Amino acid sequence: MSGALSAPIANYVALSGILFFLGVTGVLLRRNPLIMLMSIELMFNAANLLLVAFARLWTQNVGQIFAFLSITVAAAEAAIGLAIVVVVFRSARHVDVDETNLMKG
Amino acid sequence: MVHHVMGVPGFYPWLLALWLLPLLGAIVCFAFGPQLRRVAGAFASAIVGASFLFAVICWGVGTQTVGGALGAHQVLFSWLPGFDFGLLLDPLSLVWALVITGVGCLIHIYSIGYLEGDRAFARFFAYMNFFIFAMLTLVLSDNFVGLLVGWALVGLASYFLIGYWFDRPSAVAAARKAFVINVVGDVGIMFAIILIYSRIGSLSFGDVFANVDKLGTATLLAVLVCLFLGAAAKSAQVPLHTWLPDAMEGPTPVSALIHAATMVTAGVYLIARCAPLWSASKDAQLLVGTIGGLTALLGAVLGMVQWDIKRILAYSTMSQIGYMIMGVGIGAYEGGVAHFLTQAFFKAQLFLGAGLIIHALSNEQDVRRMGGLAKKMPFAFWAMLTAVLAISGIPGFSGFFSKDLIIYGTLANGHPWLYAVGILTAGITAYYMFRLFFITFFGTYRGDVDPSSLGIRHPELAGVASAHADAEHLHMSGWVMNVPVAILMVPTVFSGWLLFGGTHSPWARFFVSQFAQIRLPAAPISEGLTSVLTFVLVLAGITVAYLRYATPSAQRNAVERLRRETVGMPPVLSNAFYFDAALDALFVRTSQWLGYLAARYVDPLVIDGGVREVVISTQWLGALARAFQSGLVRAYAVLLVAGAACFIAYYALAGGAR
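Keeping their order, the protein sequence lines are chains A and B.
For the first sequence, position 30 (counting from the first letter as 1) is numbered 83 according to the working numbering, and the numbering increases by one without interruption.
For the second sequence, position 331 (counting from the first letter as 1) is numbered 362 according to the working numbering, and the numbering increases by one without interruption.
Everything labelled a hint here was simulated from the structure, so no lab data went into it.
Check the hints yourself; a few may be wrong.
[Said to hold, decoys possible] Computed Cβ-Cβ distance ranges for the label pairs, DEER-style: (1) A/ARG143 / B/ASP634: 50 to 60 angstroms; (2) B/ALA685 / A/SER144: 44 to 54 angstroms; (3) A/ILE62 / B/PHE678: 31 to 41 angstroms.
A quick note: this is a predicted structure, and the numbers were derived from the prediction, not measured.
Beta carbons: idealized from backbone N, C-alpha and C, even for Gly.
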């Protein structure tokens, strides 16, 4: 059951849950898009941690490879997110997401 | 279904020409009215005259019998299965065609003089020719739909001509009233047509009459009641008669042609045409006979109390058509049709004679303001006298023969009450016709008398003498008006002799193949005795009229006597038994009330409300959807997280259950 892991799997899952919760909380509560992007990265990392932990547990490298893919997507997403933040700042002179409501129906 | 063709099929160019010529005349008069000017009258008269000539030429084919088929049948085109449109000329439609074109031609000629100087001269003749065409369509059609088309077209022509002087509000109102009441009848016929087609699958007269037994007693009665609704509306039968007296707003020749001689007898034609249907239902016969008798009596009673010369004649028309409807209704078809023929002559003559007087007195129509015209207008005097004798049923004149045929027919068909009504009405008829005659022609001229001393209470007439206070300068009519009246005098006096000789008379032999199945049984009172009884009542009527209006003392005190009669008139009579008020309360008010309800509630709440409800619900849905589109990134994030949480919770729970 334990495989090549140096600690029990429950620890990894608990750490991943905490990281994900921190990320969700950051996205929901912070109004600065930069912090929100960082929180999203936190949620990505929680998922990546689970991927590599279970890959190690079941000695299947697919999980390792998938973590790399996920990191790549996260990097692309961060780039687009930061570009949006820059554009918003140029037009609105601020980056508060609560004040940015041009899409309001 | 048994197919049955009435008439010998073939190609009959004269029949087509007789039918279509008046339509051509109407189109030409309408299109080239300004160019034709005065010629329009002569042109239109010539068209109808030619039509009459063609009708005479068609006499031979109209009365031919080849292998059980009677008359001429011209197929025009086929529309639906079981429904070919065509023309049928048999003795019945031949009589009508001859009267429509013959009397029509004379009245056209008369109109040239009567409407001289009218500004829309050509339009009048366009309408008149159009009417002739419509009426010929009605009587020549070989099926119910063609009949209904003609039926509606004559109603339209009647509307045009009653409202011919459209600058008079009363004429416009009368035209509208006539049209609306006639449409009630049209709808009745339409229902009958639907019933017939649904049961028999054909609408040609031949097929329908050959398959009467497929209708069943109840359906047959329904069909006949619907048909009679149409006949009653067109022929001014109680209680749909109220339009006819008002229709007198039209020019007098129109009253003579349409509202006396031809159109109003369309109901008689319809019943006579559908004789095989009517003979199959005793209930329908009783209904129609009763309504006819009631109309005859009511018209005569109301005719006694009118002062307008044309309204007297209108009620008399209603009464005479009541006779005809009673005749054809109870199965005395030959009698009813005969009375149509003689009435067409003497009633046209009465109207044209009245027109001579009205023309001479510059549109004065109140008989109280006439009087003493015998010496001033000898021609009108003789014309009216012959017609009055004919309508009263003096032996030897036309009305005597036809009226007695109907009265005797009622008894022979077992309707003693209608027999009594017929004889009584004959007496009243003699009274009111001679009343008109004596007031108009006897005594001294009253046009120069103050209207209030005659009891006339028109505010605009107070203290005003008639336009022709000077009776020496009447507007006498020329030959163009006198000649048609003189020609009409011949059949007015003599046409009844066609009926002389019982079953061997020319009339009976003419119709022997048409109404062969109907032979009158013997009646308890002989035909001769019936004539004597009727004649006694007619004499009594004339005597009363003489005593009231024509004795030397009555002539001397005419002004005072007329005033007393006017003032003492019971309101129930001067309001014509309140038929107008009753119809108004029952139908006009109800319709207005329904219209008010629709305008007040149905339209704003149901129609507009429905549309508004769609708008409101769309708005509501939009508001609901918009609530999610807050534009707040964090609100979207909450939704995302909540959605993800639901997703996870579902699989966690479902996974647990599995």
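Quick rundown of the hints versus the structure:
Between A/ARG143 and B/ASP634 the beta carbons are some 57 angstroms apart, a value that agrees with the proposed interval 50 to 60 angstroms. Between B/ALA685 and A/SER144 the CB atoms are about 46 angstroms apart, so this pair conforms to the stated range of 44 to 54 angstroms. Range check, A/ILE62 to B/PHE678: about 23 angstroms between beta-carbon atoms, so the 31 to 41 angstroms window is missed.
Checked against the numbered hints above, the structure violates only hint 3.
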